[in-house]
Amino acid sequence: MKRRDLLKAGALAGGLLIGGRALQGSAEAAANPEARIGLAGTDGHITLPGRGPLYIFGFATVPLAASVGDLVANYKGKAQHVAPILDVKQDNDVYITLTNLGLVGRPDLVDAHTIHWHGFRTPSALFDGVPEASIGVPIERQFTYFFRPHNPGTYMYHCHFEDVEHVQMGMTSIVFVRPAQDGGSALDPLHRTTTYAYNDGDGSTAYDRHFAILLNEIEEREHDADEQIQEFIFTDYDPQYFTLNGRVYPQTILPNNDPSLPYQPVSSLIQANPGDRVLLRLANLGYLQHAMQLPGIPMKVVGEDATPHSFPYVTNTLYIGPGEARDVLFTAPPFNPSAPVTTDARGSYNTYLFKNRDFRRLSNRGSPGLGGMATEVRVYQGSPLPAQTSVGETYA
Amino acid sequence: MRKALLAAAALLVAFAPSARAQAPAVPRQGIVCTNGTTFDLTATPGYIETPDGNSVLMWSYALAGGEFQSPGPVLCVNEGDSVTVHLHNDLTEPVSIVFPGQTGVGGSGSSGLLAKEAPAGGDATYTFTASQPGTYVYESGTDPEKQVEMGLYGALIVRPAGHPDYAYDAATRFDPQREYLVLLSDIDPDLHHAVETGAPYHFDQLRNRYFAINGRQFPDTLQDNGVSWLPAQPYGSLIRVKPYNATGNPLPALIRMANVGTVNHPFHPHGNHIKEVAQDGRPLRTPGGGDASSEHFAETIGSGQTQDYLFSWTDQDSWNPGSNPFPASVASPDYRNLTFKDGNTWSSGSAYLGSKGTLPVGTVSQNICGEWYFPWHSHALNEFTNYDAGFGGMATLLRVDPPGGCTAVAGTASILAGTLNSGTATALAAADTAYYKVNSTVSGTRTADWYGGFTGVPRGSTGLAVTYTGRNSIAALPTTLWIWKWSTSTWVQMGAATGVGTSDVTSTRTPPSPQSDYIGTGANAGKVRVRVLTTGTTTNFVTQGNLLKLTYDAP
Chain A
1 MKRRDLLKAG ALAGGLLIGG RALQGSAEAA ANPEARIGLA GTDGHITLPG RGPLYIFGFA
61 TVPLAASVGD LVANYKGKAQ HVAPILDVKQ DNDVYITLTN LGLVGRPDLV DAHTIHWHGF
121 RTPSALFDGV PEASIGVPIE RQFTYFFRPH NPGTYMYHCH FEDVEHVQMG MTSIVFVRPA
181 QDGGSALDPL HRTTTYAYND GDGSTAYDRH FAILLNEIEE REHDADEQIQ EFIFTDYDPQ
241 YFTLNGRVYP QTILPNNDPS LPYQPVSSLI QANPGDRVLL RLANLGYLQH AMQLPGIPMK
301 VVGEDATPHS FPYVTNTLYI GPGEARDVLF TAPPFNPSAP VTTDARGSYN TYLFKNRDFR
361 RLSNRGSPGL GGMATEVRVY QGSPLPAQTS VGETYA
Chain B
1 MRKALLAAAA LLVAFAPSAR AQAPAVPRQG IVCTNGTTFD LTATPGYIET PDGNSVLMWS
61 YALAGGEFQS PGPVLCVNEG DSVTVHLHND LTEPVSIVFP GQTGVGGSGS SGLLAKEAPA
121 GGDATYTFTA SQPGTYVYES GTDPEKQVEM GLYGALIVRP AGHPDYAYDA ATRFDPQREY
181 LVLLSDIDPD LHHAVETGAP YHFDQLRNRY FAINGRQFPD TLQDNGVSWL PAQPYGSLIR
241 VKPYNATGNP LPALIRMANV GTVNHPFHPH GNHIKEVAQD GRPLRTPGGG DASSEHFAET
301 IGSGQTQDYL FSWTDQDSWN PGSNPFPASV ASPDYRNLTF KDGNTWSSGS AYLGSKGTLP
361 VGTVSQNICG EWYFPWHSHA LNEFTNYDAG FGGMATLLRV DPPGGCTAVA GTASILAGTL
421 NSGTATALAA ADTAYYKVNS TVSGTRTADW YGGFTGVPRG STGLAVTYTG RNSIAALPTT
481 LWIWKWSTST WVQMGAATGV GTSDVTSTRT PPSPQSDYIG TGANAGKVRV RVLTTGTTTN
541 FVTQGNLLKL TYDAP
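Chains A and B, in that order, are what the protein sequence lines are.
Position 308, counted from 1, in the first sequence is what the numbering used here calls 308; the numbers after and before it change by one each time, with no gaps.
Position 283, counted from 1, in the second sequence is what the numbering used here calls 283; the numbers after and before it change by one each time, with no gaps.
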């Protein structure tokens with residue numbers, strides 16, 4: 001591990017974002033610069049409205065240099081959901097070391113964990129994370145997964161050990177691959193950004209801000225059964241909560257690393273200046289198809305399943321099935337003073353709702369009022385927001 | 001009684017007019033076509049078995065005179081064919097067939113809402129012209145919320161005229177040896193039980209518990225077509241490919257997917273993306289006629305839809321232990337610190353395709369010679385189950401075989417004539433500086449005659465090929481390669497003699513058919529013996545074997 005990576009990991013102790021971008025453009029970058037990532041699999045609890053703490057399995061970001069004993073002492077029982085969003089670059093060598101810390105709440109379970117990079121063109125079954133066709137990582141053991149991604153776009157990762165259980169229990173997140181084209185603004189028609197969704201060759205996927213958002217559902221009976229050493233019949237699946245990055249509205253609009261949600265550190269709040277080109281990296285690791293809308297702002301679908309669309313299309317309702325990913329671009333509209341205006345520390349803004357069209361999924365456990373799979377897009381007056389420095393950055 | 005039925009069936013087949021559909025020899029894997037233009041189907045009840053030990057009543061279409069099967073037979077016709085389907089009804093209520101995607105379907109029978117019906121015990125006939133190539137389904141058009149749920153469905157394949165190796169057009173050319181059907185269905189066993197017992201049938205209480213591909217639930221999906229222990233579910237769905245190679249293996253596999261279930265299914269292929277080229281029997285085109293195919297790592301197929309995919313598997317980095325190894329820190333994990341789930345694995349234990357590693361003692365391997373296995377499954381993971389047990393249901397495996405097939409090296413060497421000079425069989429593992437050396441006989445016509453023994457070659461392997469690299473201590477001696485024929489306990493010569501002198505010469509030979517004769521059975525199961533015979537001089541010499549290798553395609 002290079003010192004620069006270590007410092008970056010340390011700076012993001014909240015575990016929102018880790019990855020190889022620190023090396024981008026650096027003098028150290030060799031033919032295949034490395035990204036080294038430490039993840040631990042364990043259990044924990046998250047907070048949802050209308051009930052007590054919900055038992056989960058999940059991943060947490062952990063330092064690579066620590067001993068297994070130190071990791072157990074410091075991180076066991078402290079899983080987060082969603083798991084850390086991983087940010088890597090095309091053609092870089094990615095090493096993900098997984099440590100299984102065991103379960104505080106279920107000491108009787110000896111489940112292994114794995115990491116399946118969902119959608120990756122896998123050259124070796126050894127690193128595919130399927131425990132029946134590869135290995136599983138037992139408690140207090142480690143394994144390093146190796147990937148060299150060549151195809152930019154939005155992917156997922158999740159545990160594949162007894163996956164119908166471990167995925168629902170929360171061992172899920174997004175991994176995205178930045179294109180080799182990143183780094184220069186020459187292709188950007190506006191000449192103001194160096195970031196693109198794909199190697200488009202013409203700047204058509206240039207973006208000013210990007211947000212990685214994982215759609216999911218929570219079937220609380222399954223989580224409760226797991227905590228209470230009972231069996232849940234998965235064909236009874238009928239979830240009560242519908243989440244974005246492991247939170248339900250209005251949790252979704254709290255900032256990253258909000259202290260009220262210590263194990264749900266990833267916000268889905270989208271803040272933008274007028275005219276900003278915003279890339280949504282969307283993925284679904286629930287078991288249901290979702291219909292997502294952003295009323296008032298057309299959504300341009302530029303990629304699907306980490307493949308650029310030959311013919312991007314504009315839609316107002318985006319269907320996204322389980323295991324699928326979409327890359328959506330939109331341009332933040334001008335600030336409209338005659339529309340409803342709210343004010344925060346950054347100034348006045350208009351609010352748009354990125355939400356599920358199926359309003360049964362806009363409720364938290366059936367309670368009245370807006371909840372569930374929704375977040376806000378806030379477009380400010382003027383351009384008060386600084387340039388984005390990491391995916392999904394929020395501004396208090 | 002059963003024997004009599006079988007005899008009757010045999011008679012029916014024997015006397016069927018030749019224009020009628022004929023089921024060809026069933027391949028072990030891949031799509032099983034019932035080819036023809038005229039098909040005789042019988043709607044009939046039967047039972048399927050699920051991996052959790054349940055038995056579920058199904059209704060299905062069977063070939064007249066054939067056994068009950070679920071799903072119905074895969075009807076394969078050619079574009080432009082005038083197709084006739086006769087339906088006989090052995091159920092106790094009227095049934096019919098509709099052909100979504102076909103137009104101008106005519107027929108006879110008693111009147112029905114959507115199609116002519118065959119009354120209980122009666123018949124109906126349908127005719128149409130298969131005007132558009134593609135993948136389609138056929139299903140009951142009568143009381144579908146009951147009869148389709150009960151299983152009255154199957155796949156209809158229309159091949160382009162003159163081009164059975166195209167799905168549609170030249171852009172959809174595929175390897176005919178790698179054509180696969182993935183027919184998705186879902187089952188609520190309570191509803192089926194209600195039909196079985198005559199209890200009220202409430203479709204609004206649908207709760208799917210079983211999710212199938214080609215009528216089987218994982219892991220039964222991996223079994224060969226027509227295995228005896230799944231008599232009512234004849235279609236497997238193991239997907240097999242070899243790595244893409246522009247010269248040696250340029251053509252993709254064709255995956256014909258259809259969803260006859262009640263809900264949409266998000267299908268997730270591990271390994272590489274799949275390329276969707278058509279939907280509902282129409283190639284994906286832009287309004288201007290351009291290519292609108294798309295690559296996916298998961299794609300939702302709607303209830304009643306069909307989708308066609310081309311699939312090639314590629315290792316973009318061509319990792320190999322020789323010239324392009326994985327980083328040393330990850331290539332050889334210590335398996336003693338890891339777990340193979342339930343001690344039973346498809347893993348080869350190696351990071352490289354075509355290699356096998358050493359698995360921990362007590363771990364059972366299902367891996368033959370270093371091939372990859374990747375699950376292909378519904379990512380609505382509640383469907384990746386058998387009722388309540390995970391890693392079941394709507395899933396199969398992709399198997400990626402090594403590019404050259406399986407490779408075995410001689411594990412033993414035995415001398416038939418002559419004496420050991422130096423070396424052991426391990427010298428035969430690679431073309432290198434180590435040789436297995438045999439002194440010739442020392443009187444008369446000198447002869448060095450020895451054989452290498454191979455083990456672990458699975459029964460049913462095909463494409464056997466022997467490669468021998470060796471030299472002699474004196475110039476050009478005729479050398480012949482032989483293979484042991486277990487059934488007659490004789491050596492069979494493979495090809496003509498090759499002149500082998502003082503530098504290495506490589507010969508590749510394939511034994512004559514049938515190749516099953518050369519793979520031992522019983523106490524000799526999996527054994528193959530290859531003999532190297534050098535003779536034709538009155539001077540003493542030494543034969544020096546460098547490499548003795550066997551390649552084969554595992555079943």
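Worth flagging that the hints you see were computed from the coordinates, not collected in a lab.
From a predicted model like this one, the values you see are computed outputs, not experimental measurements.
Possibly wrong hints are sitting among the right ones.
Unchecked claim - Straight-line Cα separation of at most 25 Å, SDA-like style, residue types lysine to any residue; simulated pairs:
#1 B:K275 / A:Q289
#2 B:K275 / A:A291
#3 B:K275 / A:P179
#4 B:K356 / B:D317
#5 B:K275 / A:T315
#6 B:K275 / A:V301
#7 A:K300 / B:A292
#8 B:K275 / A:S204
#9 A:K300 / A:G369
To be verified - Selected chain A positions facing chain B (in silico; Cβ < 7 Å):
#10 A125
#11 P131
#12 D163
#13 I229
#14 Q230
#15 I233
#16 T307
#17 Y395
Glycine is no exception: its CB is placed at the ideal position from the N, C-alpha and C atoms.
Hint check:
| no. | hint | verdict |
| --- | --- | --- |
| 1 | B:K275 / A:Q289 | holds (21 Å) |
| 2 | B:K275 / A:A291 | holds (24 Å) |
| 3 | B:K275 / A:P179 | holds (21 Å) |
| 4 | B:K356 / B:D317 | holds (20 Å) |
| 5 | B:K275 / A:T315 | holds (23 Å) |
| 6 | B:K275 / A:V301 | holds (18 Å) |
| 7 | A:K300 / B:A292 | holds (17 Å) |
| 8 | B:K275 / A:S204 | holds (23 Å) |
| 9 | A:K300 / A:G369 | violated (29 Å) |
| 10 | A125 | holds (4 Å) |
| 11 | P131 | holds (4 Å) |
| 12 | D163 | holds (6 Å) |
| 13 | I229 | violated (16 Å) |
| 14 | Q230 | violated (12 Å) |
| 15 | I233 | holds (4 Å) |
| 16 | T307 | holds (4 Å) |
| 17 | Y395 | violated (33 Å) |
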